[in-house]
Each structure stands twice: as C-alpha cells, then as structure tokens.
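Student: Turn these sequences into a full structure, and let the hints guide you.
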Amino acid sequence: MALPDFTMRQLLEAGVHFGHQRHRWNPKMDPFIFGLRNNVHIIDLAQTVPLLHQALKVVSDTVSGGGRVLFVGTKRQAQNSVADAARRSAQYFVNARWLGGMLTNWKTISNSIQRLRKLEEMLDGGSAQALTKKERLFLSREREKLERNLGGIKDMGGIPNLLFVIDTNRESIAIQEARRLNIPVAAILDTNCDPAGIDFPIPGNDDAARAIDLYCDLIARAAIDGIGRAQGSMGVDIGEAEEIFTEEPALADVATEAPATEEVAAEAPTAEEVAAEAPAAEPAAEAASEDAGEEELVALFEAPEGEPDDLKKINGIGPVIETKLNKLGIAKFAQVAGLSAEDIARIDEALAFKGRIEREEWVSQAATLAGADA
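Counting from 1, one number per residue, gives the positions in the sequence shown under the UniProt record's numbering.
Possibly wrong hints are sitting among the right ones.
With a straight-line cut-off of 30 Å between C-alpha atoms, the simulated BS3-like cross-links for lysine-lysine are [stated by the list, open to error]:
#1 Lys57 / Lys75
#2 Lys57 / Lys118
#3 Lys312 / Lys107
#4 Lys118 / Lys313
#5 Lys118 / Lys107
What the hints contain is simulated information worked out from the structure, not anything from laboratory work.
No experiment lies behind these values; they were computed from the predicted model shown.
Tutor: What follows is the structure in structure tokens.
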C-alpha cells in the first residue's frame, strides 16, 4: 500500500480553491491566498498540495503506530462524509454535536458511553419487554440521543492521537480541548479561518460538499494505508485476514468529468511531485512521529520472567503499541504501574508518545489491573 495520490486538477474540479468574499477573510490566511476574483479570494493550491500530502503522511504514521484518528465535522454538508470515511477506515468521528469536555473530561464521557451500551443491551435483549410502552419509548429516545452524540466514539477506548477537523471556526471548542491535551490537529482552513494552533493546516474550501468528500476520502485512504503498514510490520498475513481493508477508488477518479477552471494546466502535477519540490515541513509533531515505530527498538528495561500480561486491557494500548512495549522490556501490569517520571520520559522519547502515558492514565489503570490479577 501507499499514500493516496491526487492531483491539482482534482482539487480544482472539487472547488478547493474557492475561498470566501473579501469582507469575510481572516488576515492571518493571507500567506495561503493566491489572489482575488469577483471579490472572492482564491486559495493558492500550490501550497495546498504539499500541505495536504503532509497531513496524509501524518495520518498514516499515526495509525501505523497504533494511534487513533478522530474525524470532526458537525456542519450539515460534512456529516455524512465524515461518518462514512471514519467507518470505512476503522477510525472514529463526531458529526452531530461536540459536547464540551469530550476530550478534557473523558471520564464523564466514558460514563455516558457505558450508559449507551447498557441501553443497547436492555432494548435489544429481552429485559425491556417487562417495561411499559411509555418506559420503553423513554429509553429508546435516550438511546437515540446518546447514539447521535457518542455513537462515533463509543468504541474509541480513550482520547485520540490526532484530530482531523472540517471548519475550524465551527469546531473551535474541539480544537481548544485538543491543544490543552497536546493532541495534534490537522484541519481544513478556509479564508475566514485562523491558522493559529493548527499543527497541520490544509488551505481549502470547507463549505463545498464535493471538496469535503475529497478531503475525507483521502484521509480515510491514508488511515487504511497506516493499518496495512501496521499489519505488515507485525508479520500479519493480510491475505488470510477475515476482514481486509482495501482502498476504494478516489471520489475524483470515479466521478464524471467536471469542467475545469481556466487555470487547469494540461498536465497537473501529482501530490508527490509538488511535495518533493516544496520546502521540508517544519512542525515538530511530524518529526516526532515520523518512522518512530519502524526503527529497531532497544530494550530499556529488563524483561520480567513468566507469561506476559495482556497490556491491551489498558485503555489506549493496542496490538502495535503492546508489541513495541514488549520490545522495550515492558510486559507486566506491575511494570507499567511502577513507572517513574524518568521511566515515562524515556518511553516517551523512544516511542514519540508526547505525554500519552500520563494523558491516558496508564499507570493508574495498570495498578488496578495488577491488583485484580494478584
């Protein structure tokens, strides 16, 4: 597998280059604006292409390292695209309403998710038959409300490692919470947006449904590429898997040919070509994550004797991260529970976790699990 490819022609046909009217612009977006036409700002796609390619690489690297990507898009024209892309790539989404504290108050959100699961078991099982019709109706409405707001994250198991956001103005609370927790953000920035605080900006139209479909499709395919890389690094025979993640044709490839604008070149360069000519990306988050999981890991701790514990029981640890921790010499809940601040810093540096261990409270979780096994 490889990162999804796209061309400047596809971006033009999707209307990615159209910004807002001049009076609605944010002056901080001036570096990404090509010019003005009919009082509408035109976005510089020569910058969009390499920045979008950079974001796709970050998504792929995050997923291949066992991380989770959260799609956020609650505006009407983005809701279906965000949900479909997240489901197709085995990731997570919020497309109805961002609840305050969805990241910073994860414990309370987890309680609501548990309530949703309990309602599903009750209503789908036979226990609800003993209730009156009015009581069943009340519980059904409660489940529908929880499913609408939390259905896209009920299987996430912890806070995400990367946010992909459509419309930063509308999703400002989500971005503030991500910044507070040091979670990197990749976002589509229209000419009325503020690029401050966005780790991986993607200048582009965030209102056109066709443009949003293209963004979500590319991000989903990048996540699928990351899943394939993770399975390959673990020695999984993808051909024997019961479920195989495959890249579907890009929306722009299967769509009927749309009339291109007069700026379309006869042969538009691909993202790979433009990215190769663009300056190297500066954000530290990419440098930290780049190939962190593919280097040969050196054991930092003495491996304990006996059968290893199932570290995946700790929220935030998946198969890929468990394998990496085992290579570092960590295989028991008691080891995780006994990590010192210095140990955590060493693991952070080795695996580019960026404070993930403390953020997801692995130590306290491991202490509980170690006590239960004792």
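Student: Confirm or reject each hint.
Tutor: Here is how each hint holds up against the structure:
1. Between Lys57 and Lys75 the alpha-carbon distance is near 26 Å, which keeps this suggested pair within the 30 Å criterion.
2. Distance hint between Lys57 and Lys118 is unfulfilled; the C-alpha atoms sit about 38 Å from each other, more than 30 Å.
3. Distance hint between Lys312 and Lys107 is fulfilled; the C-alpha atoms sit about 19 Å from each other, no more than 30 Å.
4. At roughly 20 Å between alpha-carbon atoms, Lys118 and Lys313 fall within 30 Å of each other, so this suggested pair holds.
5. The suggested pairing of Lys118 with Lys107 holds, with an alpha-carbon distance near 17 Å, which does not exceed 30 Å.
Comparing the model with each numbered hint stated earlier shows that hint 2 is the single one that does not hold.
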